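Work out the full structure: start from the sequences and follow the hints.
Now for the letters of each chain:
Number of protein chains: 2
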Amino acid sequence: MNWKPDRTLSISLANQIVHWITEQILNGHWPNGTKLPSQRQLALSLGVNRSTLQEAIDELKADGILCSKIGSSTFVSNDSWNILVKQKQPNWQKYIETSIHKANYQTIQLINEFEQDESIIRLSTGELSPSLLPTEKIQHSLQHLKLDGKAIGYSSPQGSLALRQALVHYLKKRNIETTVGNICIVSGGLQALQLIAVGLLEPGSTVLQEEYSYLNSVHPFQSYGMNLHSISSSTEQMVIQKKLRGQNIYYAIPTLHNPTGAIWSQQRKEQFYEQCLAANLPIIEDDVYFELAFEKLSPPLKAIDSAGQVVYLGSVSKTLSPGLRIGWVVAPTPVIKRIADIKMQMDYGSSAFSQEIVTHWLTNGLYEEHIITLKSELQKRALYMEKLLIQHFSDIASWEKSKGGFYIWLKFHHPIVTSELFYKLLKQKILINPGYIYEPKDAFHIRLSYAYASEEELRVGLICLQKTVSEKTKP
Amino acid sequence: MNWKPDRTLSISLANQIVHWITEQILNGHWPNGTKLPSQRQLALSLGVNRSTLQEAIDELKADGILCSKIGSSTFVSNDSWNILVKQKQPNWQKYIETSIHKANYQTIQLINEFEQDESIIRLSTGELSPSLLPTEKIQHSLQHLKLDGKAIGYSSPQGSLALRQALVHYLKKRNIETTVGNICIVSGGLQALQLIAVGLLEPGSTVLQEEYSYLNSVHPFQSYGMNLHSISSSTEQMVIQKKLRGQNIYYAIPTLHNPTGAIWSQQRKEQFYEQCLAANLPIIEDDVYFELAFEKLSPPLKAIDSAGQVVYLGSVSKTLSPGLRIGWVVAPTPVIKRIADIKMQMDYGSSAFSQEIVTHWLTNGLYEEHIITLKSELQKRALYMEKLLIQHFSDIASWEKSKGGFYIWLKFHHPIVTSELFYKLLKQKILINPGYIYEPKDAFHIRLSYAYASEEELRVGLICLQKTVSEKTKP
Chain A
14 MNWKPDRTLS ISLANQIVHW ITEQILNGHW PNGTKLPSQR QLALSLGVNR STLQEAIDEL
74 KADGILCSKI GSSTFVSNDS WNILVKQKQP NWQKYIETSI HKANYQTIQL INEFEQDESI
134 IRLSTGELSP SLLPTEKIQH SLQHLKLDGK AIGYSSPQGS LALRQALVHY LKKRNIETTV
194 GNICIVSGGL QALQLIAVGL LEPGSTVLQE EYSYLNSVHP FQSYGMNLHS ISSSTEQMVI
254 QKKLRGQNIY YAIPTLHNPT GAIWSQQRKE QFYEQCLAAN LPIIEDDVYF ELAFEKLSPP
314 LKAIDSAGQV VYLGSVSKTL SPGLRIGWVV APTPVIKRIA DIKMQMDYGS SAFSQEIVTH
374 WLTNGLYEEH IITLKSELQK RALYMEKLLI QHFSDIASWE KSKGGFYIWL KFHHPIVTSE
434 LFYKLLKQKI LINPGYIYEP KDAFHIRLSY AYASEEELRV GLICLQKTVS EKTKP
Chain B
14 MNWKPDRTLS ISLANQIVHW ITEQILNGHW PNGTKLPSQR QLALSLGVNR STLQEAIDEL
74 KADGILCSKI GSSTFVSNDS WNILVKQKQP NWQKYIETSI HKANYQTIQL INEFEQDESI
134 IRLSTGELSP SLLPTEKIQH SLQHLKLDGK AIGYSSPQGS LALRQALVHY LKKRNIETTV
194 GNICIVSGGL QALQLIAVGL LEPGSTVLQE EYSYLNSVHP FQSYGMNLHS ISSSTEQMVI
254 QKKLRGQNIY YAIPTLHNPT GAIWSQQRKE QFYEQCLAAN LPIIEDDVYF ELAFEKLSPP
314 LKAIDSAGQV VYLGSVSKTL SPGLRIGWVV APTPVIKRIA DIKMQMDYGS SAFSQEIVTH
374 WLTNGLYEEH IITLKSELQK RALYMEKLLI QHFSDIASWE KSKGGFYIWL KFHHPIVTSE
434 LFYKLLKQKI LINPGYIYEP KDAFHIRLSY AYASEEELRV GLICLQKTVS EKTKP
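Note that the protein sequences, when read in sequence, are chains A and B. 14 is the number of the first residue of the first sequence in our numbering; add one for each residue after it. 14 is the number of the first residue of the second sequence in our numbering; add one for each residue after it.
Think of the hints as simulated: they come from the structure by calculation, not from any bench. Just so we're clear, the structure is a prediction, and the values are computed from it rather than from any experiment. Watch out, some of these pointers could steer you wrong.
The list treats identical chains as interchangeable, and a pair is accepted whether it falls inside one copy or across any two copies.
[Stated by the list, open to error] In silico SDA-like pairs for lysine to any residue, Cα to Cα no more than 25 Å straight-line: (1) 442 with 194; (2) 159 with 384; (3) 424 with 442; (4) 163 with 129; (5) 48 with 82; (6) 185 with 33.
In structure tokens:
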């Protein structure tokens, strides 16, 4: 939403909104049946009070241009085009509602939207601050790319051979022995999950996951009829041994878990792997944060995988630049062939330019060099955030010292992390990732990130968070 | 498949193949249940006779390592891992077979695979020759990109604002008036179709299309339960007026159709648009070839779309570089918001680097300049191919003079374009796109492309095609 009413005009704000909405309908941008954003959201976007917005909406309702349905949702009425233009129009809203893929949760949509707003303090963003990205070095490295016409044509199904060769070498650092034939380049970890959902899993099958899970904040599996089943580590063994019917899979982040930051011990990994093998339950190992561990790690599950049981995911989004959109899947040949085949049908491969850049960085030592600097910067930021937490949150929350990555999983003593808190903070231009996007029933946690906001923003944001929470818990 | 048996060794070729297959199984790359490529395909890849391959396979079958099921397919047996290692293993093949997305047609998989082989003559490739890509100029332009940390972070849901601004301006050339809010950047036209399939259409709905259609060679719709319904232009009006039940859509390429190369007249466009509007049938207008027309075009459907009826697709894959993976969708606001929301869930946006490059080319006149050169090169190639066709095919086939783009839709007088011909040519290192990938029942057509192969390759390839066809039709 780019438009905002102009407070310097003599026309009332409500009237300006009426005009603007009518215009959206007339130029075909808001067709019949379009669902408007919630009034709370719309008022926020337009920068007006809800009463002003209500006035505008009431007027348009009286004219039959807008209408309300069950609940508080407002729609462009199915007669609006008829009233205004005397013509029929496709009902896109109906198309959207009956289609397959789930919409992002409203909270996630808001987060995606408000992350574009420069004036917002982002306390939870799972992304490196622009100041931590090696932008100048990447810019400089562009001059050293040796493009040829072949390389910038359509990609081979599994992606750039040079990049896969570089990855074979790079993955040895994690004790993973693989071949170029067992790697498929993808556009980031999320795309890998989409490809697994439609290329490996059966509708009705189950994706097992840890208690709090990144998967709950996205819909690659649910949209295609797979069930998510969260299990706590205490009941894990039991659930895995039950051998649920169908072709199921376990999704795990054993290293620097999102959102909790946890790292599995070597023993836990081995036990878990053996359990899954015995139960014939394959594993997706999401390992996009491993480069960012502050201390030495034990090898990943994939390193102990002799039976082709693990589909391993990596990416440069959390280390080099999310804008590259480059990740990789390592798996047995039929799985890789299948993923590559679907990838070719989905988008004909990832950006050749991005692949060239990543290859260059991996093969010239630039990547390794950058990771060292980056880790030390992140560690400084983690310490700073922990200092602030000790100062302001010791009485009301608990947390564990960060072991790497971006996150601190802040747990409040009381269940106060509600959508009300989320909106209250948003009004104060503070954006958080509440625990309930990782586990719908949760009201205790916030996923804090020290990777994005500046020290000053972290200070201001956390103090404001503490105040807002304290006001809320006052009797 | 990178491995080939070594003819200089004293071990027999069949034995080498036995060893190689056992190795694939032992290192977990070909797990239990893995379906092997067809024997024809495998023999071709390994560069051996089918009898040699058969010998190897028979030996492995005798040991219980491989097995055959119905038809001629060969599988890694479900006992293989047990026989070799005495351990259980996940059955990935079962996962693949019960999952949602359709596999690419075998012919398309082969085309994707053999397009990577430098020694193949590609008579049909829908891609610019590396020599026609402005590789050096792109390389040079990389130095002029002004990257900043924001730009190479996660993208906004609809993609780079600067690129969308450039597109608003660029689309005016085609008489399309739109706004940055009505554009979503995607990773090429094929991804747009995937997003439309899962974000707008209901399982069971129908995608109407022309008689021969690019859509038949890919599966974005069929994989999610939509039906394709091909209609000839003579029965079109009738079918549209029938108002099929459900939320359906019409997929059309009115300008430089793939595979036929046809261009709709202004009158045909207007009639078609009015018919669809009256029937409440929205339209996907795929317009990725329009820049490459040799003569002036009438405006697209989107330019006459006042009711928000048309979802318009464009791309730079056919003009600047397929490796960029950049395309765009222009549509009413709710459609764009929906597509952007799903895109964020699928891959978190397209490569920021690719978006920066396209923005730079669009805003600096580089793109327009390049298109002029490119068109004149393509026109030269089209004339050359037409000369060859007149020389060698006048007696056995007919075609229309190319109006632009890449293709000539060659129609043989007799139904000889079968999969047998496809394989016969492949053995001679010649790759064609047979008509049956655009219309399963077709046996008359080949989609020729003058965009990829060199003049010399076109000459050699077409003469070989003519000879192979003539041998075939001899009594």
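Each hint, compared with the structure:
1. For the homomeric pair residue 442 and residue 194, the shortest alpha-carbon distance between copies (23 Å) is at most 25 Å, but the shortest distance inside one copy (48 Å) is not.
2. Taking the shortest Cα distances, residue 159 and residue 384 sit within 25 Å of each other both inside one copy (24 Å) and across copies (23 Å).
3. Taking the closest pair of Cα atoms, residue 424 and residue 442 come within 25 Å of each other only inside a single copy of the chain (22 Å); across copies the shortest separation is 64 Å, beyond that limit.
4. In this assembly of identical chains, residue 163 and residue 129 lie within 25 Å of each other by CA distance solely across copies; the values are 10 Å between and 36 Å within a copy.
5. Within a single copy, residue 48 and residue 82 get their C-alpha atoms as close as 10 Å, which meets the 25 Å cut-off; across copies the closest is 52 Å, which misses it.
6. In the homo-oligomer, the alpha carbons of residue 185 and residue 33 lie at most 25 Å apart only across protomers (23 Å), although the nearest pairing inside one protomer, at 58 Å, exceeds that limit.
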